Amino acid sequence: MENILVSIILPTYNRSGFIGKALDSVLAQTHDNWECVIIDDGSTDDTEAVLSAYDDPRFVRLRQENQGVSGARNTGIAACTGEVVALLDSDDEWMPTKLAVQLDYMRTNNYEISQTEEIWIRGGRRVNQPARYAKPEGWFFDKSLEMCLISPSCTMFTRSALERIGPFDVDLPSCEDYDMWLRACLDYPVGLVREKLTIKHGGRPDQLSVCVPCADKHRIRALVKLLQSRKLDENQRDMALDSLERKVSIYMQGCEKRGKSDEAERVWNLFCILRDGKEIPLNPWS
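In case it helps, numbering that gives the first Met the number 0 puts the sequence shown at residues 0 to 285.
If you are wondering where the hints come from, they were derived from the structure by calculation, not from laboratory data.
In this text the structure is predicted, and so the values were computed from the model without any measurement.
Where is the CB? At the ideal position from N, CA and C, for every residue including glycine.
Check before you lean on any hint, since a few could be wrong.
[Stated by the list, open to error] Ranges of calculated distance between the beta carbons of each label pair, as one might list FRET restraints:
1. 278 - 118: 41 to 49 Å
2. 32 - 264: 36 to 44 Å
3. 163 - 3: 15 to 23 Å
4. 265 - 55: 49 to 57 Å
5. 62 - 27: 21 to 29 Å
6. 141 - 274: 12 to 20 Å
7. 274 - 3: 40 to 48 Å
[Claimed, not checked] Within a straight-line C-alpha distance of at most 20 Å, the following computed EDC-like cross-link-like pairs (lysine to aspartate or glutamate) qualify:
8. 20 - 55
9. 195 - 116
10. 277 - 237
11. 224 - 255
12. 142 - 170
13. 20 - 64
14. 246 - 264
15. 230 - 264
16. 246 - 136
17. 230 - 262
18. 277 - 233
19. 142 - 237
20. 259 - 233
21. 142 - 233
22. 142 - 241
23. 259 - 241
24. 142 - 244
25. 230 - 103
26. 195 - 23
27. 195 - 136
28. 224 - 262
29. 134 - 186
30. 142 - 262
31. 224 - 145
32. 224 - 186
33. 277 - 244
Work out the full structure: start from the sequences and follow the hints.
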């Protein structure tokens, strides 16, 4: 894979203070056959001025009205031309050998999806990653049901795998990565490069995990969609239903505390319909 073109998909929205580090880390890659598709998702800060300082022709700049991170990633994926696709969030960074090591790993081990280990920075300080976030390797659909175990900025796909998995769900305001990785882990084993080649920044109020409420509801939506897809075998369906029941129970407790008994009952009834193998509305969230 030495000469393979890697398409880097980099969405951004009002991250002018961070995106420069992300772009610098792309320029520093030892594997230099790449294109970086930057999707400015309607930024209103100084993002355009920052991007204008990077005149390398391998940077492809697109701009659209704000559609959210899923819409921005989908736009970039549709526009890219590489045989391999790597995701990078605009507030994260890569170590210089990230692309080269990951490409070689995928070729050597015959993986179509892989991720790297990562360094966590929270509030500007390096922190230890909690044990429950340890990345597995191989087939781990069952573990992916409980929580998101793949980090976008660590990830690399072959184009054929990405086309089979399908696009990011633009109807999910958060947990879109949980939804995507569920579909990925259903069809593919996921490789793990055991080097910390990605630097993941967090601990800020502008991140989706912080500023978009009701993450439990969006995980429930992802599981409902997966069960509706009819792509699961009997064992996978049972595991998905068990995970859904746990998440619904937690969500219902929160609804009851906030005096939203009707919402709690609606979500429980939805779970019961799925559990019993009956048809549910095409859009049960409307």
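In ascending order, which of the hints set out earlier in this document are inconsistent with the structure? Failing hints, ascending: 2, 11, 12, 13, 15, 16, 17, 20, 23, 25, 30.
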